[in-house]
Amino acid sequence: MIGELGLWFKSKFRDFLYACGFLLNVLKESLLFLRQRQVGFRVLVLQILFTAVEALGIVSLISLALGAVIIVQGVSILPKFGQEQLLYTILIIVITRELGPILTAFIIIARSGTAIATELGNMVISHEIEAYLSVGINPISYLVVPRFLAVTVSMLLLTFYFNFLGLFGSFFITQLISPIQFGEYFRNLLSSLQVVDIVSSIIKSTVFGIIISFTAIYQGFKVQASSTEIPQVAIKAVGQGFVFCILADAVITLIYYL
Amino acid sequence: MEELISLKEITVTAQSYEILSQVSLGIRRGKCTIVMGPSGCGKSTLLKVAAGLIVPDRGKVFWEGEELSRLSEKKLRQFRKMNGFVFQDAALWANRSISENLALPLQFHHPELSASEIDRQVNGHLARMSLISSSPLRPSQLSQGERKIVSFLRAIILQPSILFLDEPTSFIDHEMLEKMMKVIGEYRERSCTIVAVTHDAHLTSMIADDLAVLKEGRVLASGQLSEVRRNASREVSAILSQVLSQAATYDSDLLDLLGG
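So the sequences go chain by chain: A and B.
Those letters in the first sequence? Residues 1 to 258, per my numbering, in order.
Those letters in the second sequence? Residues 1 to 260, per my numbering, in order.
Straight-line C-alpha distance at most 30 angstroms; calculated DSSO-like pairs for lysine-lysine:
| # | chain 1 | residue 1 | chain 2 | residue 2 |
| --- | --- | --- | --- | --- |
| 1 | B | K60 | A | K28 |
| 2 | B | K8 | B | K74 |
| 3 | B | K74 | A | K28 |
| 4 | A | K222 | B | K81 |
| 5 | B | K60 | B | K8 |
| 6 | B | K8 | B | K215 |
| 7 | A | K10 | A | K236 |
| 8 | B | K60 | A | K12 |
| 9 | A | K222 | B | K75 |
| 10 | A | K236 | A | K28 |
| 11 | A | K28 | B | K81 |
| 12 | A | K10 | B | K60 |
| 13 | B | K8 | B | K31 |
| 14 | B | K215 | B | K60 |
| 15 | A | K222 | A | K12 |
| 16 | A | K222 | B | K74 |
| 17 | B | K8 | A | K222 |
| 18 | B | K31 | B | K74 |
| 19 | B | K81 | B | K179 |
| 20 | A | K222 | B | K60 |
| 21 | A | K236 | A | K12 |
| 22 | B | K75 | A | K28 |
| 23 | B | K81 | B | K31 |
| 24 | A | K236 | A | K222 |
| 25 | B | K81 | B | K60 |
| 26 | B | K8 | B | K81 |
Derived by calculation from the structure, the hints in this document are not laboratory data.
Let the sequences and hints guide you as you build the complete structure.
Next up, the structure:
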């Protein structure tokens with residue numbers, strides 16, 4: 001029993017070290033990416049198109065709905081306690097600091113995390129990765145780095161978009177339900193917004209982007225011999241993406257309040 | 001003659017099964033080495049290890065006397081650039097068209113080439129194999145034989161000096177086969193080093209200088225074709241006649257060559 005536990009721990013530790021080495025390699029190649037030739041940039045642009053641009057619709061819907069719900073709830077409940085002014089602080093904390101980055105991360109995990117793990121897993125099975133190697137193209141710099149950078153950059157851009165639409169766009173939806181003065185709304189909102197809120201959002205979205213892309217890429221490359229492994233790694237990419245993003249979210253929030 | 005690639009005591013395992021076991025083999029510069037053996041004996045793995053696509057669990061691979069795993073990134077890129085590899089299952093990039101499959105290595109290694117020059121080279125290769133009309137198609141839209149030919153064209157698009165061929169002639173019709181043989185013959189005349197895994201007696205008789213016979217992950221015999229023929233044990237002869245029996249129905253060149 002203890003022996004088996006020891007072997008399990010040893011294997012997990014070896015996997016962890018391998019993942020750390022792989023991450024370092026990806027980070028190194030990412031730094032070198034700008035120096036490389038044009039060919040990889042096309043992959044980067046296509047990945048940003050898929051990850052960010054094609055996700056705009058669902059991000060818009062969720063951010064508008066969330067912003068509107070917070071405003072409607074706040075306008076209904078807070079005046080009963082004489083705390084109308086808290087509406088804007090709540091709006092900023094909930095959207096900018098917390099739900100903006102994490103909900104955007106969930107959307108990207110569900111769309112791009114699964115797509116990346118599945119695509120890379122398929123490429124391993126069909127020996128396409130070996131084919132890149134055989135013609136002298138490093139799969140890390142050509143396949144991995146564009147996906148890693150695209151997801152990280154897209155995560156940052158989509159979080160900004162989510163925050164912007166959640167804070168400002170939802171105002172117009174709210175007008176249909178519970179009208180608020182236009183000038184008053186924006187004046188109060190901007191006076192409640194602090195630099196730290198924006199910094200927190202940037203840090204979280206960048207960290208989440210790194211986590212999502214790396215988890216999906218790592219799982220994709222873990223496919224070895226069979227196509228039945230592909231759905232398994234896709235599920236792991238999603239599960240681990242959620243878990244690691246929530247943990248990172250908690251840690252970053254705790255650090256802020258310490 | 002000098003060995004261009006040397007494999008020293010190579011062992012490759014998968015799930016505790018030894019695909020290759022303590023294999024040593026020398027590949028001579030400018031010569032053609034044919035690797036033969038029954039299905040599942042580790043021929044494709046051997047080819048990939050020699051090409052640096054699979055890192056062995058034990059043993060070393062040397063290229064021009066330098067250990068492959070210790071090469072600098074620059075030298076490793078140089079090594080790969082001068083290699084061409086035809087995969088058993090073609091391994092074309094599924095999300096790219098046929099012309100894009102051929103163009104990518106050129107775009108990557110020759111950024112100085114204009115798009116029109118790359119198109120010219122790609123179309124020239126496709127036209128030679130009568131595949132020009134397939135250039136906008138995806139690999140899944142081609143037959144297995146056509147995919148194999150595209151894989152061959154991709155392998156030679158950078159004009160390599162080492163060609164690794166894994167069953168290059170399988171699934172290919174006679175007309176295409178003749179065209180491919182001609183190109184392989186041209187590379188051989190240019191003193192390109194060729195390592196081929198094949199069951200094709202005609203191809204073997206046409207290009208073989210050296211022969212390696214594998215069984216269950218071990219090299220049973222290797223060396224110059226004439227040497228292997230002279231010293232062939234009963235086991236080696238049995239494997240060769242088994243491997244070549246079907247092909248020999250149509251072509252007896254190699255069996256004649258081997259005295260079979």
